[in-house]
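Undergrad: Those protein sequence lines, which keep their order, are chains A and H. For the first sequence, counting from 1, position 13 maps to 12 in numbering that gives the first Met the number 0; every step adds exactly one. For the second sequence, counting from 1, position 45 maps to 44 in numbering that gives the first Met the number 0; every step adds exactly one.
If you are wondering where the hints come from, they were derived from the structure by calculation, not from laboratory data. Treat the hints with caution; some may be incorrect.
[Claimed, not checked] EDC-like cross-link-like pairs, simulated, lysine to aspartate or glutamate; straight-line CA separation at most 20 Å:
| no. | chain 1 | residue 1 | chain 2 | residue 2 |
| --- | --- | --- | --- | --- |
| 1 | H | 94 | A | 5 |
| 2 | H | 146 | H | 104 |
| 3 | A | 14 | H | 2 |
| 4 | A | 7 | H | 104 |
| 5 | A | 14 | H | 41 |
| 6 | A | 30 | H | 26 |
| 7 | A | 14 | H | 124 |
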Amino acid sequence: MDNLADLKAIWHTAKTESLPSPDEMLGMIKKFRRQKLRSKWLVILTSCMLTCLIIAVLLIVPFKFWTTYMGGGLMAASGVLLAVTNIRSLKRFYQLNDSNNLEFLAFIEQTRQNQIAYYKKMQVLIMSLTSIGLLFYLYEPSVEKPLWFIGIYTLAIAYLLIMWFWARPRYFKKHSAKLNATIQRLENLSNQLK
Amino acid sequence: MTDFESIYKRYAPQIFRVCLGYTNDADQAKDMVQDTFISVWENLSNFRNQSQISTWIFRIATNRCLRALEVAKRMPSAELPLQLADMTEESPEEKLHFLYQSIAELPETERIIISLELEGLPQAEIAAIVGLSNGNIRVKIHRIKEKLAQKFKAYGQFS
């Protein structure tokens with residue numbers, strides 16, 4: 000008995016009538032299109048808008064201290080870096096069009112490695128620029144009123160300390176465990192094809 | 000050239016069966032079909048006929064399967080339905096269920112290879128989709144078929 004022919008016959012008895020019609024599918028496609036990359040687009044748009052806003056304020060308002068320009072400049076630079084990082088990542092996804100399973104697994108594995116590198120390097124750079132920029136930027140509006148100065152800097156430093164020593168490690172811990180598990184599984188999948 | 004509707008009509012059932020072979024879950028498989036055709040719709044105008052359109056679509060679909068990492072964790076892989084033990088006259092539904100169950104027990108990439116084979120794709124095309132040589136695919140299909148045949152024999156599906 001030809002087992003494969005039997006298996007093929009069984010295989011084709013799977014019911015496919017419940018699949019959406021072409022029109023229904025087109026409706027769904029229009030609704031859900033790019034939904035998965037939406038968060039990246041949002042980050043890109045938000046960071047570009049904030050950068051433009053900071054630059055516009057720096058150009059329009061006549062500030063007296065160089066610290067304000069320095070602070071604003073650093074924050075704008077971090078915004079550009081954030082946008083560029085996300086654009087590069089999006090570009091990689093859009094380039095991924097006609098690749099076989101083996102190439103695809105290598106791509107996903109590389110993406111995960113990039114994410115880890117991002118957490119370790121780029122995120123530190125972006126956060127450093129923003130933190131230093133913020134501290135510079137707040138100097139001019141608060142320097143003439145000592146009470147304001149103390150209040151604003153206490154709040155800003157507390158916020159930065161929370162971000163650096165609580166939020167970031169927590170976020171990193173949560174994601175790195177997940178990323179490592181994913182990388183492990185991808186390696187396992189690639190090994191199956193060797 | 001080819002329009003979306005005719006491509007969808009021709010390939011959606013095939014893609015659905017292949018994804019069902021991977022996930023063993025009809026809802027997940029439907030989601031993957033949708034995901035696949037979102038990609039097809041977005042990239043159809045850029046498709047340059049470098050490969051056959053079927054190779055291109057099956058590559059997208061099987062890559063979606065491989066990417067659905069969380070799906071595999073939830074998938075029952077080692078259980079067999081209880082009623083199979085005392086099955087004598089198997090209905091087509093039960094046979095189909097057993098086939099999908101047997102495929103679900105295979106490693107992920109073998110599920111893809113055998114699903115494409117059962118779908119009737121030429122082995123050269125399967126090789127192009129997976130990214131292995133023709134010879135390698137032939138050997139793998141042979142081994143997977145043996146594994147499946149053993150499972151079916153063990154449950155008295157084939158004599």
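Undergrad: Run every hint past the structure and note whether it holds.
TA: Do the hints match the structure? See the list:
| no. | hint | in the structure |
| --- | --- | --- |
| 1 | H:94 / A:5 | holds (10 Å) |
| 2 | H:146 / H:104 | holds (10 Å) |
| 3 | A:14 / H:2 | violated (25 Å) |
| 4 | A:7 / H:104 | holds (18 Å) |
| 5 | A:14 / H:41 | violated (27 Å) |
| 6 | A:30 / H:26 | holds (18 Å) |
| 7 | A:14 / H:124 | violated (25 Å) |
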